[in-house]
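Heads up: the protein sequence lines correspond to chains A and B, in order.
First residue of the first sequence? That's 4 in my numbering, and the numbers climb one at a time after it.
First residue of the second sequence? That's 2 in my numbering, and the numbers climb one at a time after it.
Worth double-checking, as some hints may not be accurate.
Unchecked claim - Here are the computed lysine-lysine pairs in the DSS-like style, where the Cα-Cα straight-line distance is at most 30 Å:
| no. | chain 1 | residue 1 | chain 2 | residue 2 |
| --- | --- | --- | --- | --- |
| 1 | B | K653 | B | K775 |
| 2 | A | K151 | B | K653 |
| 3 | B | K108 | B | K54 |
| 4 | B | K544 | B | K578 |
| 5 | A | K296 | B | K457 |
| 6 | A | K103 | B | K639 |
| 7 | B | K760 | A | K103 |
| 8 | A | K18 | A | K38 |
| 9 | A | K151 | B | K544 |
| 10 | B | K53 | B | K108 |
| 11 | B | K321 | B | K234 |
| 12 | A | K346 | B | K639 |
| 13 | A | K151 | B | K294 |
| 14 | B | K100 | A | K115 |
| 15 | B | K136 | B | K100 |
| 16 | B | K578 | A | K346 |
| 17 | B | K294 | B | K308 |
| 18 | B | K605 | A | K183 |
| 19 | B | K294 | B | K282 |
| 20 | B | K605 | A | K198 |
| 21 | B | K639 | A | K198 |
| 22 | B | K578 | A | K115 |
| 23 | A | K324 | B | K578 |
| 24 | B | K63 | B | K100 |
| 25 | B | K605 | B | K578 |
| 26 | A | K346 | B | K634 |
| 27 | B | K634 | A | K115 |
| 28 | B | K634 | A | K103 |
| 29 | B | K457 | A | K306 |
| 30 | B | K321 | B | K308 |
| 31 | B | K108 | B | K216 |
| 32 | A | K188 | A | K18 |
| 33 | B | K321 | A | K306 |
| 34 | B | K653 | A | K198 |
| 35 | B | K132 | B | K108 |
| 36 | B | K578 | A | K103 |
| 37 | A | K198 | A | K188 |
| 38 | A | K280 | A | K198 |
It is worth saying that the hints were derived from the structure and are not from the lab.
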Amino acid sequence: MKERLEALRIEALDKLQSVADAAALNDLRVHYLGKKGQLTEILRGMGALSAEERPVIGQVGNEVRAAIEAVIAEKQEAFDRAATAHRLQAETIDVTLPGKSVSVGAVHPLNKVVQEIEDIFIGMGYTVAEGPEVETDFFNFEALNLPKNHPARDMQDSFYITDEILLRTQTSPVQIRTMKAMNGKTPVKVICPGKVYRRDDDDATHSFMFHQIEGLVIGPNIRMSDLKGTLLQFVQEMYGSQMQIRLRPSFFPFTEPSAEVDVTCAQCGGSGCRMCKHTGWIEILGCGMVHPKVLEYGGYDPKEVTGFAFGMGVERIALLKYGIDDIRHFYANDTRFLNQFAKM
Amino acid sequence: MNVSYRWLSDYIDLSGISAQQLAEMMTRGGIEIDSVPSRNAGVTGVVVGYVKKREKHPDADKLSVCTVDAGTGEDLQIVCGAPNVGADMKVPVAVVGAKLPGGLNIKRAKLRGVESQGMICSARELGINDKLLPKEQQEGILVLPPDTEIGRDILDVLALDDSILELDLTPNRSDCLSMLGVAYEVSALTGRPLNLPEPAKDIFAASDSTADYVKVSISAPDHCSLYTARYIKGVQVAPAPQWMQNRLIAAGIRPINNIVDITNYVMLEYGQPLHAFDGGKVAGGRIDVRLAKANETLVTLDDQERKLELQMLVIADAEKAIGLAGVMGGANSEVSADTTDIILESAKFDGSTIRRTSRQLGLRSEASARFEKEVDYGRVRAALDRAAGLIARYAQGLVTEGVAEAEISAPESAVIELSLSRVNGMLGTELSSLEIKTILSRLQFEVEVGGDGVWKVTVPSRRTDITRDVDLVEEIARLHGYDEIPTTLIEGTTTAGSLTRPQSIRRELRAILTGAGVHEAISYSVTSLPRTALFAELSAGAKPIALAMPMSEERSVLRTTLIPSLLESAAYNLSRKNGDIALFEIGNVYHTDEETLTRLPHEKPRAALLLAGNRRTAAWNRTAESVDFYDAKGILEKVFERLGLSDRISYKAAQPTGFHPGRTAAIVLRTERGDETIGYVGQAHPETQREFDLPDTYVAEFELDPVYEYANSLIEYRTLPRYPAIERDIAVVVDRGVSGGDLTAAISASAGELLESVKVFDVYMGERIGNDKKSVALALVYRHGERTLTDEEVGEAHSRVLAELEQTYGAELRK
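Okay, chain B solo, but in the shape it has when bound:
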């Protein structure tokens, strides 16, 4: 809603309060004002001129030489390029010394050899948005009404000496979609009295009665509670007076003709949308408010044919629909230049009905915006009379006697109980009864004080947003001033704050991974359908969950795995020459087994890791080293170690989709339920790498729910060893298919309690030992906690190890 400061001051004395100050006051009171632009975009020295004579320019086809009386005492000669300039016209003239928007200064000039003592202006040159002008005024110079006074300042004529308050209204304050509503608000804020317009009392001049011309009825009582109409004869359709056009333009509405402009003017003033039908086009003098019929269509005022649905509300005459109730009139009953009789409508339509219709048709109007937020029942009749009075005055209409109306039911005034203790208890204030009653009376809410300290507050019908005591508490708080509410601390039981176990573990994960040199990423939860299929095992059993109306294909389904987003981020980095990439993400994936969701999907928390490029970059004293599988695995090992899961986690070669089949391991967690694969770590498959245009890239992803379940922060302290260890290194030759993990597991199992640790420290493959063999060197450490070991004891354990390796894996001891 755009509110003209000058117009508003018709209803309330604003002296001493500038537009800026008013905007600040309203914003602090809860009606946010976005900005307060001046209507004057920088015009000075432009006056009304009368074109006495127009002649063609001797040397230019498109120019005219005009003789203009601008009230300066002598006629001015002005060269004008507009095709629509003509003799006997009133026009805006920028005389020498005038200033126009954009820093243009008007000087004496010669145009193609002819002197010009000023400039005749178009609306655009005066800084007016010409989209808001009547169509015939959008081209060429602005033509003013013939009765405009010569020499008058154009700022005054066009009411440009004004500021606009641009209200950014919250949905509850639809009462401020009207000048009167804003005036009530300003009155409550300032305590100044209101000066409200009074609809003319004796507006009917015709000798006959409305009932002779029109009868109204409501066949859809759930959707319309009051319909009123007046019949006005003999109207002369013409432009509305300049002052009214100025106000419409200031509010952002384009003037059309006096009838339409008056309905719009009263809508802006009262917040009640009105509609005028051409009385001659309404069949049978009948108006019925009904629901649309099957297959019914209506061409609306914007010349669009609308297919109507059964739940849409229409205005119909004896034969057909003539308007879409509360949204837009029908072309078949439109007021035109030769209209003489009109039926003027003012009604209360149900908000949600209008809202639904407007949404279904994608058709929003100033009227629907007001109806859908519920107009004030109490202003329906007043607005009708106000508009009829203006039509009688500015369109020479003869208003017939009486109002044709149908009323289903009038709403009861809201009466809300409130007490002093409720107000102060809710706000933490110490307001007195008198202070509260003063505030409520400024809002023009009636207060009836009961003997038991409970007040009965009657809310006027214009404030449909106030239905409960808390709504009144807010009114009191905002008018008292939120700044006046004290600052206190919560009383009562103290509580201990904490993170949940999953939240603590996620923070731990972030600490470990960032410590390992990996950056945390956050990527979008929605992706494209093909992306969900890339790593099938990580999306096992998950049906894609598609958005009903996605904004693009790339973001149309919920992600089922994290790795594709990390691959996208890696590609993004690579294309910006950030070649060494280490990223992790902790986030949800969304799994369901339903084709169409009937219950919420399973949101599975996961962690993912991506490494590409160099582990360390080249520097003056070292060479670069590329990352490999063991970097990714090493990070995971450290993660699980820090989470107390090392004993439960193992890695098994695996070939899941999307991964390199020879360089991928399943991450297996030992649980009470048995071994569970909780994720994978490996190189992305070369085809996957190619799809994202990536070099060798190592990725991992695993479930966090089992991690939350088994993570163990218990630290079991063991005293430091007091007796020396005995170290034995061995190298064994085995088939290449035997894994290091197999060998260390066999050694741990067979060595007995004396074995403290076993580690692979070298792997060799080469022709010397045969192409199908490899040599694995292992370091074994033996120790006894209570005494020094003897060579015999170690020898015995060591022989068991060698025997086991030979027996199970055909291992040959390398000498």
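Isolated chain A, as found in the complex:
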């Protein structure tokens, strides 16, 4: 009986060596180890053995079973691995093909710039004020020290609706409205973004409608040096800490002293290039100390308080920031243009 078991082992191991696939392997397992398999068949004859022989033969039977099972397990694992490998091979895709696109829109570049500027000034303790785009002559001009027939009115050609009502030519009337709303209280610290309108033939650098951001600070002891410090901080947050500013004397009816502000040319870093006309500087805003008459119109006593104001054109800042060649792109709403601003 022992010889039969050994013979079975040899036969089974021999057959298993050459098994071709998982199905054949299963057949062999049933054939040798199944309930009606060869091994069971042989061991069924154990009843005829003596009490001494039985454990010995039982031991041999177990060894043969273990040997066959080990080979089957080994083979099974090999077949599983091959099957998995085959499946992975079959499922391989071209990962270089494009993904399924998800569309995300862009905030308009002008509003993107406005939001950025707002956030810088909010961080400096400013609130954001707004005013009407259709304004009275009083708020747009007279209260800003521009009486009727004043030569400085030539600086801005306006769209009038009636003799007294016009499309605002600047965001500065919001200064007066803010001051009046504050009712003489200090400090005032606001910025005022918004649309403004001037009669101007549209071309690559002019638009009859454009955006400004105005700033106004009023307090008991506001100095021109504070204005310089504020603008320097703004410019460095907006464009980078290497940027410098330069103030040049200028004239605005609503500020005195007045200045125009240049920043280091971002293109050349100040060494001079075509963009800055080889000066190293780019003009970006106008500013000054609030004119006493304007303070009076706003309900403040110019002997008690001083203030500064500044204003900048949003389009100009966006043109410079992004290197856009034509201001009219901002209002055509070409999706190929807008899509370029869908970034952080």
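With the hints as your guide, set chain B onto chain A.
Okay, now just chain B, sitting in the frame of chain A:
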């Protein structure tokens, strides 16, 4: 104002300061210099030549062969094509080796077989703007005065060896509309002394007195405070000397004759416009400054007949108007070639009067530009004497004794109080008294120091712009240098910065909409009148607000709704083959109920949305899908959900103008005031689409004020459910007119508290259920928060739902 560097150096020593350096210095001091062009456009080797002989070219009708002495030692033979060349003329000659603007090098040449040893030049060939030349010199070659020295460099003769400073003056600095004003400014900047011209003292040579010839008066004292005149006899009208013409041309003024040129020259020098009348044409020897009479007309020097308004100021003789004060003289008293006697005028007219007249007539002149910014009272008489002296010298005039004048009142000098603490307090500087006084003295402002530390500063009359202490502070700051002002941070109370609620909500809207794949647009606030009527319900009650003087019909009224601008943008994109369009805009529309505005219109903030083309484009692994109504609505649902408004918003079928009547919903907001329609969402009407040449386009527009009012950012957390839900799907057949919204509302109302949600998941229409019916499949979810539901409980609620649907909508349960 164009300032000749050479001319300026008559008044102040500019040695060691180039024109470029001066321009930089002035710009940094507050007088912006646009550019500093050289007057020499590239001329070398051109000299004065004398045409000894002119003969016709043997083989060319239009050419002449000239024999020219150019001071080179031997006569030159030069072929010339200009018709005006003639013998016994002084002309500019480009000799061999000369260079002309545009890179032209003069070489020996043969013209039609005749040798030419150079070229006789026109003004244009020398790079001079010939519009600035006297009329007789604009054609052909430039003819120089007979006394011009032969062989002299033309750069010297025409003063081309010079640079022009182009001043871009701000309205306050009209003092720099004169050479003297600029000289004062440069003196203040550099600290160098001035060398001012002195009007000749003994200019009168005639034995008789001015009073014998002319009397002046002012009948309009509000409009003219000083009028002075001199009478000059025996003038010989001729060209002005070349140096004076050169200076006028450099300043951009065309020379005419010696009399006119001298008045212009003195205007440039002193900033005081002058006028010369032909003394023989002034009736009665009378000059009166008065307002125009009703229906009065005047032909001005430019030969235009002007209808005068009652508020316009004129100069009149005993009979008629002879000039438009401060703007332009009259043709009836113009100085001409045969004029012998002139009345020379120098006056101070009121700036706003001149400005108004000049605007009303659309007539601006060098004179009006100066008067309207207020000329210097202190220079009126000096300029008169300066011009009289030049006329005596360069036009052989005999000046009669005395000045005819009328004076209403002389302005008082401005005296402004200033203190050290005011200056430093305003600027943040630590200037000393001495530094400030040095700056003020460089400006030639007088300073009187009071015992109480307050200074009294007397401002010269030339600086009419300085009226307050802050004006002095600016003068001190700019001459000290803006760069020298320190950089500080604001002291005092700190403030917290923030956005207002509407601003925060607008930013949220931008975030949601861009997240949904929509681009933000900004379009013009003005549009055409027909555009405001396209979507009548969105412009309800709004009267159009028209611009008084629009630049075009397309941009003549304020917009009353946003959608038309988005449709225009969509059409713009489509014509550029950007077919898949998703745009939104947040902006104001302008509504009023007034025909003519007497108060400001209502600026209503709104948001609008536009979708056209594909929701998603075709790719290698999927097909394209067109947008439809439910894309637009889905975006709005997400917007209102994020703004905490879902519970308040509902959609009701509506047929507003401009929209597709079967594919449009009113957006309804539940408020304390009741239900309010705040906007619409739908497909644009096919006719609207056709007008803009668009495919199926879906649009929406809604008011933001109610959104600002009701938006709710409060997040109410609910714990996650611990007990399972029971789902029941039903399909009911109803009439087609019954909307999905009706069914879900009925289910929510009748199911009771156990119903967690109800959703439509399928709608079927087809012959199988009849053409007037539709089948709606709904998924209902029931749940109890505290325990597991029993089938009985759900069954009871579900029966109520079915009963309600059957009763109210005749719904049949589909099996």
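Structure-based check of all given hints:
| no. | hint | in the structure |
| --- | --- | --- |
| 1 | B:K653 x B:K775 | holds (19 Å) |
| 2 | A:K151 x B:K653 | violated (52 Å) |
| 3 | B:K108 x B:K54 | holds (22 Å) |
| 4 | B:K544 x B:K578 | violated (36 Å) |
| 5 | A:K296 x B:K457 | holds (21 Å) |
| 6 | A:K103 x B:K639 | holds (22 Å) |
| 7 | B:K760 x A:K103 | holds (28 Å) |
| 8 | A:K18 x A:K38 | holds (19 Å) |
| 9 | A:K151 x B:K544 | holds (29 Å) |
| 10 | B:K53 x B:K108 | holds (22 Å) |
| 11 | B:K321 x B:K234 | holds (23 Å) |
| 12 | A:K346 x B:K639 | holds (22 Å) |
| 13 | A:K151 x B:K294 | holds (25 Å) |
| 14 | B:K100 x A:K115 | violated (54 Å) |
| 15 | B:K136 x B:K100 | holds (26 Å) |
| 16 | B:K578 x A:K346 | holds (23 Å) |
| 17 | B:K294 x B:K308 | holds (10 Å) |
| 18 | B:K605 x A:K183 | holds (23 Å) |
| 19 | B:K294 x B:K282 | holds (21 Å) |
| 20 | B:K605 x A:K198 | holds (14 Å) |
| 21 | B:K639 x A:K198 | holds (29 Å) |
| 22 | B:K578 x A:K115 | holds (26 Å) |
| 23 | A:K324 x B:K578 | holds (28 Å) |
| 24 | B:K63 x B:K100 | holds (25 Å) |
| 25 | B:K605 x B:K578 | violated (33 Å) |
| 26 | A:K346 x B:K634 | holds (26 Å) |
| 27 | B:K634 x A:K115 | holds (26 Å) |
| 28 | B:K634 x A:K103 | holds (23 Å) |
| 29 | B:K457 x A:K306 | holds (18 Å) |
| 30 | B:K321 x B:K308 | holds (14 Å) |
| 31 | B:K108 x B:K216 | violated (63 Å) |
| 32 | A:K188 x A:K18 | violated (102 Å) |
| 33 | B:K321 x A:K306 | violated (53 Å) |
| 34 | B:K653 x A:K198 | violated (35 Å) |
| 35 | B:K132 x B:K108 | holds (29 Å) |
| 36 | B:K578 x A:K103 | holds (22 Å) |
| 37 | A:K198 x A:K188 | holds (27 Å) |
| 38 | A:K280 x A:K198 | holds (29 Å) |
In this structure, the hints that do not hold are numbers 2, 4, 14, 25, 31, 32, 33, 34, in rising order.
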